[in-house]
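On the provided structure of chain A, position chain B as indicated by the hints.
Residue-level listing of the chains:
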Amino acid sequence: MGAVADTISSKRSSKITETRRQHHSGKKIIGFLRRRAYFPYVGPLSVWIILFVIAPLGIIIYYSFLRAGPSGNIIAVFTLENYRALFNPTVRVVFLRTFLLAFLTNLICLIVGYPIAYWIVMYGGRWKHRLVFLLIMPSWTCYLIRLYALKTLMGYSGLLNAVLLKLNLIQAPLQLLYTPGSILLGLVYAWLPFMVLPIYASLEGLDPLLLEASSDLGANSFERFFTVTLPLTKGSLFVGSLLVFIPSLGDWLAPLLLGGDKVLLAGSLVEHYFLKQGNIPVGSSLATFLTAVVLLALYVVIKFAGQDALERVL
Amino acid sequence: MRRKEKVKARQRSGVILILLLIMLVAVLLLVGCNRGNTKAAGGGAYKKYVASLGPDESPVPSDCFEQAIKEGELITYNWADWWPESLFTAFTTEFGIKVTHSYFADMNEMVTKLKLYPKAEYDWAHPDLRGFLQLKEMKGLQKLNHKWLPNVEKYLPTATKNASYDPGWQYGVPSDRDITTYIYNKDHVDDPRMPSWAVLFEPDAKYKGRVTLNNDMFECIGGALKYLGYSWNSTKESELAQAKMLIQKAKPNIMGFESNPMKPLYEDEVWIAQNWFGSGCRRHAYKESLWPVLPKEGTQIMCDLMTIPIGAAHPAVAHLFINYIFRPKKMVELLNETRFLPNHTVAATMLPKELLDIYPPQEYLDKNTEYITSDAYTGKGLQLRSAIWEELKR
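Protein chains in written order, with my numbering: chain A, -5 to 308; chain B, 337 to 730.
Be careful, since some hints might not be right.
[To be verified] With a Cα cut of at most 30 Å, we get these calculated DSBU-like pairs of lysine-lysine:
#1 Lys384(B) with Lys665(B)
#2 Lys522(B) with Lys542(B)
#3 Lys580(B) with Lys256(A)
#4 Lys544(B) with Lys145(A)
#5 Lys145(A) with Lys585(B)
#6 Lys256(A) with Lys599(B)
#7 Lys160(A) with Lys544(B)
#8 Lys160(A) with Lys479(B)
#9 Lys623(B) with Lys383(B)
#10 Lys522(B) with Lys483(B)
#11 Lys434(B) with Lys145(A)
#12 Lys406(B) with Lys384(B)
#13 Lys145(A) with Lys665(B)
#14 Lys256(A) with Lys449(B)
#15 Lys145(A) with Lys483(B)
#16 Lys145(A) with Lys475(B)
#17 Lys475(B) with Lys455(B)
#18 Lys490(B) with Lys666(B)
#19 Lys490(B) with Lys256(A)
#20 Lys256(A) with Lys623(B)
#21 Lys666(B) with Lys256(A)
#22 Lys522(B) with Lys160(A)
#23 Lys472(B) with Lys623(B)
#24 Lys342(B) with Lys256(A)
#25 Lys449(B) with Lys434(B)
#26 Lys256(A) with Lys383(B)
#27 Lys256(A) with Lys544(B)
#28 Lys522(B) with Lys497(B)
#29 Lys572(B) with Lys585(B)
#30 Lys256(A) with Lys572(B)
#31 Lys483(B) with Lys497(B)
#32 Lys256(A) with Lys522(B)
#33 Lys160(A) with Lys383(B)
#34 Lys599(B) with Lys544(B)
#35 Lys497(B) with Lys580(B)
Derived by calculation from the structure, the hints in this document are not laboratory data.
Everything numeric in this text was worked out from a predicted model, so none of it was measured.
Only chain A is shown next, with the shape it has when bound in the complex (with noise of 0.2 Å):
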């Protein structure tokens, strides 16, 4: 009981230090400076981040910019021609498409990913570090070799359809590749552990004090799990909602594999504009358009998690 009081104000007590905070954020920068609170943000991690993530960004909006010769290489002229290509109604559909599925990927892998750590955190005891190294270890396959792989189990004479016929529930082997089913399957596959790890890391932080107290009270465990130990992962959920959902929506190898590249998802279609028209600053353009997005995906996440929420997982 007292430490279900004792959440409830320091909660109260945060949000008056933020609100103070705000009052005072021209003193903030010069103790910013003075502290030498900079630190961190010139460190090594710093330098990756600018090497690898913001340097090649940096390199493809600059060519997005830059006018396309005949051939679609690239012509130092200043230009806004390429972003006219975004109205090309080819790629409102492919977006839409490819929002759709990483929506629905996202879903299952909540729906089943939640269930996995929960049961992992509660019920695994001693073997709890060995099940999630079981879990992440597929990870450290390349992705393209994991998509082989499942091609292969999935495949005509695959593993599932010989199992099925040993066992006489089909009578011919079912047509399970090349459907848009394959491609979820794929997408799911390979990035679920991005969402178990959060929210295990997340369940395994969770004050077992909390649940006690929260039966005492007399809940039974439906309700302890909805009012108690869901609200207090929350944050778990969108992170894990990230890192799934931002690589699926950039995602071009699963529809290539396995979907039989029947349809166009954003990546393919970026992929379409590099290699098969061959046309570089409208791919770039695109490439931008789609980077784009997910950074607004990204900020609205953050703006309706919450920055607590986030702090309490990371």
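Same frame as chain A, now just chain B:
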């Protein structure tokens, strides 16, 4: 007790240091020796080279040979998992020139790479005709020195020397020829319309879901154009629109767009696959029931060309290598492995009978096949086809 241990430890570390020094010296000696061998200099080497050749093999002139030995390295850029490694190791053994390989898995990838980085240091690149046309348009290829390629001068067919894509063979030497066709599984497919393109583009209902088309806009749209009776290189919008509608109607019946459905073909998952003739011969050698066809409406004939990009650091070695490949024995060794159609007057007669029996007859190639042109594969033709491909996959 402690002093004894210290002395022993010092002795042990001393022994280890001496062993390391010996290893270092040995490595340096080996490396030094190798370098010495490759720089085997002097006119004696050229005379030895000329003497070692057979009666049907011509040597490169001495200036090419001298420069090649001085350059000492060959960086190749070829399709992955294709040419037999024995060709390259024999080249290294004969001339002492180191060969480094770079691979690409996709023609588009290769052209885009050279588009973004025109001065890439590949000495010898091996695009197919489409990549060659695109690279030539981007001015990414060096002109060849015909004096340095006597074997090619002797054995390249005259018709090929004046081919429409590169009259006077200035930028590339074709190493083989191939045609686009489709492979079918004789055990499962029995269509009276064979060998028409209709079997692929308008398959019978019982083959639904067992057909794959090439995942390449030029091959797929070209095949559709040929089936409709138009030229493979058409740039007329009305004809292309008809081709688009044909493929759109075929889309629900196909399993997917897959350029290399090897495993599905072997496992009887796919029964009709759009592919190339040489590849079909290799599949047939692996699995008896797979057969390539000669489409009766005609198809395109293309070749793979050996070229020298403008960024090449060792052009003399590249010329030496091209001349080496065009020796009849080496060409036969290559064609035995790749099973492509020959572009070599003498090697065509030296191939084993089983291959010659399967190969399409010359009349078919002359009458029913056409080379691709620059109009279709660059500029407007490329834009039109690319737009169609985008719409097909929407």
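Status of the hints after comparison with the structure:
Pair hint Lys384(B) plus Lys665(B) holds up; C-alpha atoms about 19 Å apart against a cutoff of 30 Å. For the proposed pair Lys522(B) and Lys542(B), the alpha carbon gap of about 15 Å is at most 30 Å, so the pair holds. A threshold of 30 Å between alpha carbons decides the hint, and for Lys580(B) with Lys256(A) the separation of about 14 Å falls inside it, so the pair holds. With a CA separation close to 20 Å, the supplied pair Lys544(B) and Lys145(A) stays within the 30 Å bound.
Restraint check for Lys145(A) and Lys585(B): satisfied, since their Cα atoms lie roughly 27 Å apart, inside the 30 Å limit. A threshold of 30 Å between alpha carbons decides the hint, and for Lys256(A) with Lys599(B) the separation of about 19 Å falls inside it, so the pair holds. For the given pair, Lys160(A) sits about 25 Å from Lys544(B) by alpha-carbon distance, which is consistent with the 30 Å threshold. Between the alpha carbons of Lys160(A) and Lys479(B) the distance comes to roughly 62 Å, so the proposed pair goes past 30 Å and is violated.
Note on Lys623(B) and Lys383(B): the hinted pairing is violated, with a Cα-Cα distance of about 47 Å set against a maximum of 30 Å. Annotation: proposed proximity of Lys522(B) to Lys483(B) is violated, straight-line Cα distance about 49 Å (limit 30 Å). Under the criterion of a C-alpha separation no larger than 30 Å, the hint pairing Lys434(B) with Lys145(A) is inconsistent with the structure, at around 39 Å. For the hint linking Lys406(B) to Lys384(B), the alpha-carbon distance of about 17 Å falls within 30 Å, and the restraint holds.
The hinted pair formed by Lys145(A) and Lys665(B) fails the criterion: a straight-line CA distance of about 41 Å is larger than 30 Å. Distance check on the hinted pair: Lys256(A) and Lys449(B) sit about 25 Å apart at the alpha-carbon level, within 30 Å; holds. For a cut-off of 30 Å, the pair hint linking Lys145(A) to Lys483(B) is broken: about 51 Å separates their Cα positions. For a cut-off of 30 Å, the pair hint linking Lys145(A) to Lys475(B) is broken: about 40 Å separates their Cα positions.
For the given pair, Lys475(B) sits about 11 Å from Lys455(B) by alpha-carbon distance, which is consistent with the 30 Å threshold. Simply put, Lys490(B) and Lys666(B) have alpha-carbon atoms about 15 Å apart, close enough for the 30 Å limit, and the pair holds. For the proposed pair Lys490(B) and Lys256(A), the alpha carbon gap of about 47 Å is over 30 Å, so the pair is violated. Proposed proximity of Lys256(A) and Lys623(B) is supported: the alpha carbons are some 28 Å apart, at most 30 Å.
For the hint linking Lys666(B) to Lys256(A), the alpha-carbon distance of about 41 Å lies beyond 30 Å, and the restraint is violated. A C-alpha spacing of about 27 Å is found between Lys522(B) and Lys160(A), which places the hinted pair at or below 30 Å, so the restraint holds. For a cut-off of 30 Å, the pair hint linking Lys472(B) to Lys623(B) is broken: about 38 Å separates their Cα positions. A C-alpha spacing of about 73 Å is found between Lys342(B) and Lys256(A), which places the hinted pair above 30 Å, so the restraint is violated.
Taking the CA atoms of Lys449(B) and Lys434(B), the gap is about 24 Å. The hint holds against a cut of 30 Å. For the hint linking Lys256(A) to Lys383(B), the alpha-carbon distance of about 59 Å lies beyond 30 Å, and the restraint is violated. For the proposed pair Lys256(A) and Lys544(B), the alpha carbon gap of about 15 Å is at most 30 Å, so the pair holds. Proposed proximity of Lys522(B) and Lys497(B) is contradicted: the alpha carbons are some 38 Å apart, above 30 Å.
Annotation: proposed proximity of Lys572(B) to Lys585(B) holds, straight-line Cα distance about 20 Å (limit 30 Å). For the hint pairing Lys256(A) with Lys572(B), the CA-to-CA distance comes to about 25 Å; that is within 30 Å, so the pair holds. Distance check on the hinted pair: Lys483(B) and Lys497(B) sit about 15 Å apart at the alpha-carbon level, within 30 Å; holds. Using a Cα cut-off of 30 Å, the hinted pair Lys256(A) and Lys522(B) holds, with the two alpha carbons roughly 27 Å apart.
A hinted pair counts as satisfied when its Cα atoms are at most 30 Å apart, and Lys160(A) with Lys383(B) does not qualify at roughly 69 Å. Straight-line distance between C-alpha atoms of Lys599(B) and Lys544(B) comes to about 19 Å, which keeps the hinted pair within the 30 Å bound. Taken as a hint, the Lys497(B) and Lys580(B) pair is broken in the structure, with Cα atoms around 35 Å apart against an allowance of 30 Å.
Hint compliance for this structure: hints 8, 9, 10, 11, 13, 15, 16, 19, 21, 23, 24, 26, 28, 33, 35 are broken, all remaining hints hold.
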